[in-house]
Amino acid sequence: RMVSKNGKKAAESINSRIALVMKSGKYTLGYRTTLKSLRSGKSKLVLICNNAPPLRKSEIEYYAMLSKTSVHHYSGNNIDLGTACGRLYRVSCLSITDPGDSDIIKQTGGQQ
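Just add 392 to the spot in the sequence shown (first one is 1) and you have our numbering.
Just so you know, these hints were derived from the structure itself, not from any lab.
Glycine is no exception: its CB is placed at the ideal position from the N, C-alpha and C atoms.
Please note that the accuracy of each hint is not assured.
[To be verified] What follows is a list of derived Cβ distance ranges for each label pair:
no., residue 1, residue 2, range
1, K498, L447, 28 to 34 angstroms
2, R424, N398, 32 to 38 angstroms
3, K401, S432, 33 to 39 angstroms
4, L412, R482, 20 to 26 angstroms
5, R424, I471, 17 to 23 angstroms
6, L480, T425, 15 to 21 angstroms
7, L447, I471, 19 to 25 angstroms
8, E404, Y454, 18 to 24 angstroms
9, R424, H465, 15 to 21 angstroms
10, G422, P446, 15 to 21 angstroms
[As the list claims (entries may be wrong)] With a straight-line Cα cutoff of 30 angstroms, these simulated DSSO-like cross-link-like pairs (lysine-lysine) come out:
no., residue 1, residue 2
11, K498, K415
12, K498, K400
13, K428, K460
14, K449, K434
15, K401, K436
16, K449, K460
17, K428, K418
18, K498, K428
19, K401, K460
20, K415, K400
21, K434, K460
22, K418, K434
23, K460, K418
24, K460, K400
25, K460, K415
26, K460, K436
27, K498, K418
28, K415, K401
29, K418, K401
30, K498, K460
31, K401, K449
32, K415, K449
33, K436, K415
34, K401, K498
35, K449, K400
36, K434, K498
37, K418, K449
38, K498, K449
39, K400, K418
40, K436, K400
Go ahead and model the full structure; you've got the sequences and the hints to work with.
Structure representation (structure tokens):
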């Protein structure tokens, strides 16, 4: 899989920001807890992997639109997202409720 140099840099910066959120912020991993945090209005940013089922992806986007939360489509698959979160399992989506020391919300919110 060939990735442009700029794309690779962007992915690395997202990964380092995710790692910082894991260390210093609050988040929920997984589909069900992401929906819960969106429904309760706690979520600030949602990341979805690129191989999530389309129905699941659109459902999360719909909830995010209702709660005015920004959605970032992570460029890697669920294995990559799990690795970026420092987990040894697959993660299809994660919801960031408190970014901690990370500027991930400013950075990804500015893209859309």
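Here is what the structure says about each hint:
The beta-carbon spacing between K498 and L447, approximately 30 angstroms, falls within the hinted interval of 28 to 34 angstroms. In this structure the hint that R424 and N398 lie 32 to 38 angstroms apart at CB holds, the actual value being about 35 angstroms. Evaluation of the 33 to 39 angstroms hint for K401 and S432 yields a pass: the beta carbon distance comes to about 35 angstroms. At about 21 angstroms, the beta-carbon gap between L412 and R482 stays in the expected band of 20 to 26 angstroms.
At roughly 20 angstroms, the beta carbons of R424 and I471 sit within the given window of 17 to 23 angstroms. Under the hint 15 to 21 angstroms, the C-beta atoms of L480 and T425, about 18 angstroms apart, fit the expected range. Against the hinted window of 19 to 25 angstroms, the Cβ-Cβ separation of L447 and I471 comes to about 21 angstroms, which satisfies the hint. Range check, E404 to Y454: about 30 angstroms between beta-carbon atoms, so the 18 to 24 angstroms window is missed.
The hinted window of 15 to 21 angstroms between R424 and H465 holds, with their beta carbons roughly 20 angstroms apart. For G422 and P446, the Cβ-Cβ distance of about 18 angstroms falls inside the hinted range of 15 to 21 angstroms, so the restraint holds. For the given pair, K498 sits about 18 angstroms from K415 by alpha-carbon distance, which is consistent with the 30 angstroms threshold. For the hint linking K498 to K400, the alpha-carbon distance of about 19 angstroms falls within 30 angstroms, and the restraint holds.
The straight-line distance between the Cα atoms of K428 and K460 is roughly 15 angstroms, inside the 30 angstroms bound, and the hint therefore holds. At roughly 19 angstroms between alpha-carbon atoms, K449 and K434 fall within 30 angstroms of each other, so this suggested pair holds. For the suggested pair K401 and K436, the alpha carbons sit about 24 angstroms apart, so the restraint of at most 30 angstroms is met. At roughly 16 angstroms between alpha-carbon atoms, K449 and K460 fall within 30 angstroms of each other, so this suggested pair holds.
As the CA atoms of K428 and K418 are separated by approximately 14 angstroms, the hinted pair is consistent with the 30 angstroms bound. Taking the CA atoms of K498 and K428, the gap is near 23 angstroms; set against the 30 angstroms cutoff, the hint holds. For the suggested pair K401 and K460, the alpha carbons sit about 28 angstroms apart, so the restraint of at most 30 angstroms is met. Taking the CA atoms of K415 and K400, the gap is near 23 angstroms; set against the 30 angstroms cutoff, the hint holds.
For the hint pairing K434 with K460, the CA-to-CA distance comes to about 11 angstroms; that is within 30 angstroms, so the pair holds. Taking the CA atoms of K418 and K434, the gap is about 10 angstroms. The hint holds against a cut of 30 angstroms. Only pairs whose Cα atoms come within 30 angstroms are accepted, and K460 paired with K418 is accepted, the gap being roughly 19 angstroms. Annotation: proposed proximity of K460 to K400 holds, straight-line Cα distance about 29 angstroms (limit 30 angstroms).
A distance of roughly 25 angstroms separates the Cα atoms of K460 and K415; the hinted pair therefore holds under the 30 angstroms criterion. Straight-line distance between C-alpha atoms of K460 and K436 comes to about 9 angstroms, which keeps the hinted pair within the 30 angstroms bound. Taking the CA atoms of K498 and K418, the gap is about 16 angstroms. The hint holds against a cut of 30 angstroms. A distance of roughly 21 angstroms separates the Cα atoms of K415 and K401; the hinted pair therefore holds under the 30 angstroms criterion.
The straight-line distance between the Cα atoms of K418 and K401 is roughly 25 angstroms, inside the 30 angstroms bound, and the hint therefore holds. Under the criterion of a C-alpha separation no larger than 30 angstroms, the hint pairing K498 with K460 is consistent with the structure, at around 15 angstroms. Between K401 and K449 the CA atoms are separated by roughly 25 angstroms; this keeps the pair inside 30 angstroms, and the hint holds. Distance check on the hinted pair: K415 and K449 sit about 26 angstroms apart at the alpha-carbon level, within 30 angstroms; holds.
Taken as a hint, the K436 and K415 pair is honoured in the structure, with Cα atoms around 17 angstroms apart against an allowance of 30 angstroms. Only pairs whose Cα atoms come within 30 angstroms are accepted, and K401 paired with K498 is accepted, the gap being roughly 17 angstroms. Under the criterion of a C-alpha separation no larger than 30 angstroms, the hint pairing K449 with K400 is consistent with the structure, at around 23 angstroms. Distance check on the hinted pair: K434 and K498 sit about 17 angstroms apart at the alpha-carbon level, within 30 angstroms; holds.
Taking the CA atoms of K418 and K449, the gap is about 22 angstroms. The hint holds against a cut of 30 angstroms. Taking the CA atoms of K498 and K449, the gap is near 22 angstroms; set against the 30 angstroms cutoff, the hint holds. Using a Cα cut-off of 30 angstroms, the hinted pair K400 and K418 holds, with the two alpha carbons roughly 26 angstroms apart. Proposed proximity of K436 and K400 is supported: the alpha carbons are some 25 angstroms apart, at most 30 angstroms.
When each numbered hint is compared with the structure, a violation occurs for hint 8 only.
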